[in-house]
Every structure is written in C-alpha cells, then in structure tokens.
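Student: Sequence:
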Amino acid sequence: MIPQQMSCYSRTGKSPLNAGIPICSFPQKRLLHNSQGQCQAMTLSNEPSKTRSLTFRHKITETVKGKLSLGAKILQVGGVGNIFKLNFQVKEGEKLVKTFQCNLSTTAGPIAGLLFISTEKVSFCSERSLKLLSSNGKCVTTRYKVTIPLTKIKSVNERQNVKKPSKKYVQVITEDKFEFWFMGFINHKRTLRYLQEAVSQNQCQLMLSQIL
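Numbering (the working numbering), first residue to last: 1 to 212.
Don't read these hints as lab results, they were simulated from the structure. It cannot be assumed that every hint is accurate.
Cβ pair distances, simulated, as ranges [unchecked claim]:
1. K85 / V140: 22 to 28 angstroms
2. G93 / S135: 34 to 40 angstroms
3. G137 / N82: 33 to 39 angstroms
4. K85 / K131: 21 to 27 angstroms
The beta carbon of each residue, even a glycine, is placed where N, CA and C say it ideally should be.
All chains, full assembly: derive it from the sequences and hints.
Tutor: See below:
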C-alpha cells in the first residue's frame, strides 16, 4: 500500500507516488546499481548530498540524449503547458507562468526534470520515470513529482556551494520548515526572480481577499 501524503500539501497528478511533500519525509526509496551490478536502495532526501557532487554527473552523450528526449516529448504533447496539465491538477483560472529545466537535489544524486511556476503552485516533474520502493517493499516505476502550493512557501533563497561559490542553488522553504533544493539552471537568478514574484503576488492576493 502506498503511503498517504501529508495533508498540508495538495495531492496532484496521476501518479500514485506523486509527492506534494519534501522528499526527505517520503518513505519510498530509489533503486540504484553499484559497480558490481547489485541493486541498492537509497532514501531520497531534500538536502544536498554531502557525499556526491551536486553537479549532474552523466556522460555528455547521456546528457545530450536526455535533453533531446525531453524536447521530443514536449513537441509530442504540444508544449510545456500541456505537460503541466497532463501531470498536475490545474485549478480553474490557474495559469502557468514559467517553466525551467533543472535538477532536484537528493541523496541519490540530482533528479533531472522540469520546474513549473503557476499562479497557484510550484511543481516539479522528473524527465524520466524512476524505480521507487513503497513501504511494503514493492517496486513501482513512475515519474517523481513534487507540488508546493504558493500559500505554503515561506521563502525562496539563493544559495551557493561553500567549496565552489560559482555553483548556485535555489532553495524553497515551506511554512512547516521543509526545504527543496533546485540547481542546474541556465540562469538561476531568473528562476529566483520568477519564484519570488509568484510568492509575493500570491501573498498580496490573499491580503486583498481578506480586506474585501
């Protein structure tokens, strides 16, 4: 049986493992293979890995292949707007503001995917399906998804690698003190600005609705 999501986050998307919660509190595990070909399970975490470089370590050919595959999928469904609608529940009147390609940090390594910023939420969907272990030990293959309502976001911050200051990250902190780390942006400052503006505008709308 798949564990229930935390009630403070909305359950969106069509995947049974869709996570509207920080990865560190999600009891599924990602399957990895070691150098001997043996299968190992590593728990996903919302914090940057201390034992791995935060850069995406795929070979150049694999990276290019992944980007071409993503581009083909986007064209196939008719644009990123349709990918957003296919993978997440969209409220009436909700509009997609911006989409960025990036990586979500986990202890198993960065997960490549798309970051969606809408007028209601911030969402992430992995480019490829991942093999995850549920609490009963069964293996499920699905895209990894995260949904954070704008009303639950406390702050969006710029962070950098202490050893390599040139490596920048975007940190999202929720009201209940969970953290999400995103990196690998072409222009992280642009992403930071869109996220901060989305949170700020949502807060203003809430204040106006309370006054009226």
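Student: The structure should be examined with respect to each hint, and the outcome stated for every one.
Tutor: Comparing the hints with the structure gives:
no.: 1; hint: K85 / V140: 22 to 28 angstroms; result: holds (23 angstroms)
no.: 2; hint: G93 / S135: 34 to 40 angstroms; result: holds (37 angstroms)
no.: 3; hint: G137 / N82: 33 to 39 angstroms; result: holds (35 angstroms)
no.: 4; hint: K85 / K131: 21 to 27 angstroms; result: holds (26 angstroms)
Every hint from the earlier list agrees with this structure, and none is contradicted.
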